[in-house]
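There are 2 protein chains.
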Amino acid sequence: MRTQDLIARKRDGRALAPGELKAFVQGVVSGDVSLPQAAAMLMAMVLNGLDDTETAALTFAMLHSGRVLELKLVSRYKVDKHSTGGVGDKVSLVLAPLVAAAGVPVPMISGRSLGHTGGTLDKLEAIPGFRTDLEADEFERQVARIGCAMIGQTAELAPADRILYGLRDATATVECIPLICASILSKKLAEGIDALVLDVKCGRGAFMKSREDARRLARTMVEVGRQLGKPATALITRMDEPLGRAAGNAVEVRETIACLRGGGPSDLMEVTYALGVEMLAAAGVGEDVADRRRRLESVLDSGQALDRFRALIEAQGGNPAVADDPDLLPRAGAVREVRYSGAQSAVVRAVDALAVGECAVLLGAGRKRESDAVDPAAGVDALVRAGERVEPGDVLCRLHAADTKRLDEGEQRLGDAFAFGDPEPAASLILERIG
Amino acid sequence: MRTQDLIARKRDGRALAPGELKAFVQGVVSGDVSLPQAAAMLMAMVLNGLDDTETAALTFAMLHSGRVLELKLVSRYKVDKHSTGGVGDKVSLVLAPLVAAAGVPVPMISGRSLGHTGGTLDKLEAIPGFRTDLEADEFERQVARIGCAMIGQTAELAPADRILYGLRDATATVECIPLICASILSKKLAEGIDALVLDVKCGRGAFMKSREDARRLARTMVEVGRQLGKPATALITRMDEPLGRAAGNAVEVRETIACLRGGGPSDLMEVTYALGVEMLAAAGVGEDVADRRRRLESVLDSGQALDRFRALIEAQGGNPAVADDPDLLPRAGAVREVRYSGAQSAVVRAVDALAVGECAVLLGAGRKRESDAVDPAAGVDALVRAGERVEPGDVLCRLHAADTKRLDEGEQRLGDAFAFGDPEPAASLILERIG
Numbered sequence: 053m054r055t056q057d058l059i060a061r062k063r064d065g066r067a068l069a070p071g072e073l074k075a076f077v078q079g080v081v082s083g084d085v086s087l088p089q090a091a092a093m094l095m096a097m098v099l100n101g102l103d104d105t106e107t108a109a110l111t112f113a114m115l116h117s118g119r120v121l122e123l124k125l126v127s128r129y130k131v132d133k134h135s136t137g138g139v140g141d142k143v144s145l146v147l148a149p150l151v152a153a154a155g156v157p158v159p160m161i162s163g164r165s166l167g168h169t170g171g172t173l174d175k176l177e178a179i180p181g182f183r184t185d186l187e188a189d190e191f192e193r194q195v196a197r198i199g200c201a202m203i204g205q206t207a208e209l210a211p212a213d214r215i216l217y218g219l220r221d222a223t224a225t226v227e228c229i230p231l232i233c234a235s236i237l238s239k240k241l242a243e244g245i246d247a248l249v250l251d252v253k254c255g256r257g258a259f260m261k262s263r264e265d266a267r268r269l270a271r272t273m274v275e276v277g278r279q280l281g282k283p284a285t286a287l288i289t290r291m292d293e294p295l296g297r298a299a300g301n302a303v304e305v306r307e308t309i310a311c312l313r314g315g316g317p318s319d320l321m322e323v324t325y326a327l328g329v330e331m332l333a334a335a336g337v338g339e340d341v342a343d344r345r346r347r348l349e350s351v352l353d354s355g356q357a358l359d360r361f362r363a364l365i366e367a368q369g370g371n372p373a374v375a376d377d378p379d380l381l382p383r384a385g386a387v388r389e390v391r392y393s394g395a396q397s398a399v400v401r402a403v404d405a406l407a408v409g410e411c412a413v414l415l416g417a418g419r420k421r422e423s424d425a426v427d428p429a430a431g432v433d434a435l436v437r438a439g440e441r442v443e444p445g446d447v448l449c450r451l452h453a454a455d456t457k458r459l460d461e462g463e464q465r466l467g468d469a470f471a472f473g474d475p476e477p478a479a480s481l482i483l484e485r486i487g
Numbered sequence: 053m054r055t056q057d058l059i060a061r062k063r064d065g066r067a068l069a070p071g072e073l074k075a076f077v078q079g080v081v082s083g084d085v086s087l088p089q090a091a092a093m094l095m096a097m098v099l100n101g102l103d104d105t106e107t108a109a110l111t112f113a114m115l116h117s118g119r120v121l122e123l124k125l126v127s128r129y130k131v132d133k134h135s136t137g138g139v140g141d142k143v144s145l146v147l148a149p150l151v152a153a154a155g156v157p158v159p160m161i162s163g164r165s166l167g168h169t170g171g172t173l174d175k176l177e178a179i180p181g182f183r184t185d186l187e188a189d190e191f192e193r194q195v196a197r198i199g200c201a202m203i204g205q206t207a208e209l210a211p212a213d214r215i216l217y218g219l220r221d222a223t224a225t226v227e228c229i230p231l232i233c234a235s236i237l238s239k240k241l242a243e244g245i246d247a248l249v250l251d252v253k254c255g256r257g258a259f260m261k262s263r264e265d266a267r268r269l270a271r272t273m274v275e276v277g278r279q280l281g282k283p284a285t286a287l288i289t290r291m292d293e294p295l296g297r298a299a300g301n302a303v304e305v306r307e308t309i310a311c312l313r314g315g316g317p318s319d320l321m322e323v324t325y326a327l328g329v330e331m332l333a334a335a336g337v338g339e340d341v342a343d344r345r346r347r348l349e350s351v352l353d354s355g356q357a358l359d360r361f362r363a364l365i366e367a368q369g370g371n372p373a374v375a376d377d378p379d380l381l382p383r384a385g386a387v388r389e390v391r392y393s394g395a396q397s398a399v400v401r402a403v404d405a406l407a408v409g410e411c412a413v414l415l416g417a418g419r420k421r422e423s424d425a426v427d428p429a430a431g432v433d434a435l436v437r438a439g440e441r442v443e444p445g446d447v448l449c450r451l452h453a454a455d456t457k458r459l460d461e462g463e464q465r466l467g468d469a470f471a472f473g474d475p476e477p478a479a480s481l482i483l484e485r486i487g
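Chains as they are written, first to last, in my numbering: chain A, 53 to 487; chain B, 53 to 487.
Derived from the structure by calculation, the hints contain no laboratory data.
Only a predicted model underlies this, so the values are computations on that prediction, with no experimental measurement involved.
Among the clues, some could well be false.
The list cannot tell twin chains apart, which means a pair is met if one copy fits it or any two copies do.
Said to hold, decoys possible - Here are the computed lysine-lysine pairs in the DSBU-like style, where the Cα-Cα straight-line distance is at most 35 Å:
{"id": "1", "residue 1": "261", "residue 2": "74"}
{"id": "2", "residue 1": "282", "residue 2": "261"}
{"id": "3", "residue 1": "420", "residue 2": "74"}
{"id": "4", "residue 1": "261", "residue 2": "457"}
{"id": "5", "residue 1": "457", "residue 2": "282"}
{"id": "6", "residue 1": "124", "residue 2": "457"}
{"id": "7", "residue 1": "420", "residue 2": "457"}
Can you build the whole structure from these sequences, using the hints too?
Below, the structure is given as C-alpha cells:
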C-alpha cells in the first residue's frame with residue numbers, strides 16, 4: 053500500500069492494522085515515508101485517534117525500529133520508573149539508587165528538560181564529569197555491577213521515536229495520548245526491562261492538566277504494556293505545586309543528596325516511596341506495602357542508598373565527592389532572594405508549579421529551543437510550601453542564574469506564583485493507582 | 053505567532069485570521085514554515101475545514117505569494133474557463149479559440165493530466181512544436197494580438213500553490229474543497245483575468261463523485277471569487293461518461309479540430325457552448341443566451357474559430373497545418389480495435405468514464421507518477437456512446453499505444469466499461485448553474 057493511502061485511511065477515521073503501522077514506522081526510519089508524510093499522518097492520528105490495539109501495534113513497531121536491549125548480564129527482574137514530567141521532579145535521582153540498594157536492578161534511560169519541566173539528564177550532568185552517553189554494552193555492564201545506570205537515549209534505540217518525536221513539537225502534534233504512550237513505552241521497553249512503573253503527573257505543572265486526561269494516559273500505557281507482555285502500573289500524582297523545594301539542575305542534585313541523607317522534603321519522599329514500593333512489588337520483593345516501605349527506609353537510613361548514588365556517579369565519570377560536599381556542584385553567578393512583601397504574617401495557600409517551572413527555564417535551567425544549552429547552576433531553591441507561615445520579609449524562594457538580567461526575567465515570570473490565605477487541607481499527592 | 057501555534061489553532065478547530073493565513077503562506081514560500089509543518093497544517097485543514105472567509109484569505113495569500121499578471125496590453129474584459137477535470141474533456145481546446153473569435157480575450161493557464169483525467173497542456177503538446185512554456189510577457193503580447201494563449205503555470209505565478217500542491221498528493225490532503233478552491237483560484241486569478249467560468253465536473257469520471265460535493269465546491273469558488281472581486285459562475289456538468297469519442301492527447305486534438313470544423317460530437321459541443329455562453333455573458337457580450345449561442349455558432353460556422361486555433365498554434369511554435377491535416381499529429385506504434393462480442397444486436401447503456409480514463413493512462417496518455425512522460429499518440433478513440441446500437445463485431449473503441457504490452461494493459465483495465473441494455477433517458481449534461 054502506498055504511504056498516501058495509509059495516511060488516507062487514518063484521515064478517514066479508520067483503524068490501521070498492525071502491519072500498516074509497522075510499514076509506516078519502518079518507512080519513517082528508512083526514509084521511504086518522507087517527513088511531510090509522517091507529519092500528515094501524525095496530525096491525522098491526533099485528530100482521529102488510535103485505539104489501544106493500534107497504540108500497542110504502533111509502540112511495538114517503534115520499539116522494534118532499532119535495537120532492543122536484553123541485559124542478559126543482569127539475571128534479576130529489572131524494573132524502571134518513568135515520569136511524564138513535572139516541576140522539581142528529581143524523583144528518579146533518589147529512586148534509582150534507593151531501589152537498586154533494595155535489591156531491584158534499575159536500568160534507566162531518561163530525557164532532557166521539555167517546556168517548563170526539568171529533565172533527569174540535565175540534572176545529572178550538573179554533577180561535574182557525569183556522562184549520560186554510555187554505550188549500550190557499558191550500560192548493561194554497569195547495571196549488572198552496581199544495580200543501576202542512568203543514561204540518555206542512544207542512536208540505536210527506538211530510532212523511529214527519535215524522528216517522530218523531533219517532528220511533533222514543530223507540527224503541533226504533541227498533545228495526543230496514543231502518541232505520548234507510544235513514545236514513552238517504545239523507549240522504555242528498549243532498555244530491556246521486565247516491568248515498568250509510571251508516574252503520571254496531573255495538574256497545573258504537568259502536561260496532563262485534567263484528571264481525566266491523566267487517567268486516560270495511565271490506562272492506555274498500562275494496557276499497552278500488558279499487550280506487549282511488560283507489566284506496568286501507574287500512579288497518578290498531583291503536580292499543582294513544585295515537588296520539594298528546588299527546581300533546576302544543581303539545586304535539584306543538592307536536594308537529592310539531602311533526600312538520600314534522610315533530610316528530604318516530605319512531599320518528595322512520599323512520591324519516591326510510593327513509586328519505590330510499586331517497583332519492589334513488580335519485582336516480587338517484599339511481602340506487602342508496609343514491608344516494602346520498610347525495606348526502602350532501611351536502605352536509606354543505613355546509608356546504602358547514598359552509597360549506591362556515589363557508586364553511580366563514579367561509574368559514570370562524575371565526581372562522587374559531591375554526595376558528601378554538595379558545594380562542589382556548580383554555583384550561579386547571580387543569586388537573588390525573593391521575599392514576602394506583605395505587611396503581616398500569612399500562610400502560603402499555593403505555589404504555582406507552572407510559574408516556577410517557567411521561571412526556572414528563564415533563569416537558564418531549561419530550554420526555550422531544542423538547541424539551547426542548559427545552565428547547570430540556574431534554578432530556584434529554598435521554595436516555601438503550601439501551609440507554611442511567612443512573616444514580612446521572609447524568603448519565599450531563591451533564584452540562581454548567570455546574570456542579573458536573567459534573574460530579572462525569572463523573577464518577572466514568577467509574578468503571583470505564591471498565593472496566600474487559608475490553605476486547602478493537605479491531601480495525599482498520590483491521587484490514584486492504575487494497574 | 054510561532055508556526056506550531058498556528059497549526060495548533062487549526063488542529064483545535066479554530067478559524068484562522070487572514071493575517072495568520074498570510075503568515076503561513078509566506079512562510080511556506082520563504083521556507084520559514086517547513087514542509088512537515090505545512091503537511092501537518094494541510095491535514096488539520098482537511099479534517100477541521102476552512103470557512104469561506106478563511107478560504108478567501110488563503111486564496112488571496114496564495115495568489116499574492118508571487119506575481120499577479122495585469123495584462124495591461126489587453127484592454128478588453130478578459131475571461132477564462134477552468135474545469136475540475138474529466139475524461140475526454142478537450143473543451144478548453146475548442147473553447148479558447150471559439151470565445152476569442154467571438155471577441156472575448158481568453159488568457160488561459162492550464163494543467164497537466166492528473167490521475168485518470170487528461171490535461172490541457174499534454175494535449176496541446178501533442179501538436180508538433182507546440183510550446184506551453186511562454187514567459188509572462190510573451191503570454192500577454194499574444195493575448196493582445198490574437199485574443200488567446202494557452203500556457204502552463206510559470207515559476208513566478210502562485211509559488212505557494214506549487215509547493216502546497218506538490219505536498220498534497222503525497223500526504224493524502226487532496227480531497228478538501230477549500231484547498232481545491234484555493235489552489236484553482238490562486239492560479240487562475242494570477243493570470244490577470246476579469247472573470248472566471250468554472251466547469252465543475254460531477255460523477256463517476258470526476259474528482260467530485262457526488263452532486264453535493266460538486267455543489268459545495270462550485271459554491272465555495274463562486275463565493276471566494278466574489279470576495280476577491282472576481283466574478284465567477286459555475287456550471288456543474290455530468291461526467292459519468294467520457295466527453296466526445298476520444299480520450300488521450302493527439303486523439304483529442306483530432307477531435308478538437310473536428311469540433312472547430314463543425315463536426316464535433318453533440319455532448320462535447322453542448323458543454324462547450326454552455327460554457328462559452330457564460331464567458332460571453334461575463335464579458336457583457338451579446339443580449340441573452342440565445343444571442344450568445346448564435347454568436348458562437350456563427351464564428352464556428354464561418355471558420356473564424358478554426359482560424360483562431362491555427363493562429364494560436366502558430367503563435368506558440370506549433371505546426372498550424374495540423375488544423376487542416378490531422379494526420380500530421382503523432383501516431384501510435386500499435387493500434388487495436390475493441391469489438392462488441394455479444395451474439396446479438398444491443399444498445400449501449402453506459403460507458404464508464406473512470407475505466408476509460410484509467411485505460412488511457414495505462415496506454416501511456418497520462419501519468420502514474422508525476423515524473424512519468426506522456427505518450428502524445430496514446431489514447432482511446434472511436435468510442436461508442438450511450439444510446440447507440442451495436443451489432444455483433446462492431447467496434448466499441450480503438451486503443452492507441454506504443455506497443456502491444458501497453459495495449460494489453462489498457463484493454464484489461466477497460467474490463468466491463470461498456471454496459472448494454474435499456475439506456476437511461478438522455479438528460480442534459482448541464483446539471484446546474486451556480487453564480
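These are the hints, each one checked on the structure:
1. 261 to 74: both (32 Å within a copy, 32 Å between copies)
2. 282 to 261: within (27 Å within a copy, 48 Å between copies)
3. 420 to 74: both (33 Å within a copy, 26 Å between copies)
4. 261 to 457: within (31 Å within a copy, 62 Å between copies)
5. 457 to 282: neither (48 Å within a copy, 54 Å between copies)
6. 124 to 457: neither (51 Å within a copy, 57 Å between copies)
7. 420 to 457: within (16 Å within a copy, 60 Å between copies)
Going through the hint list in order, the structure does not satisfy hints 5, 6.
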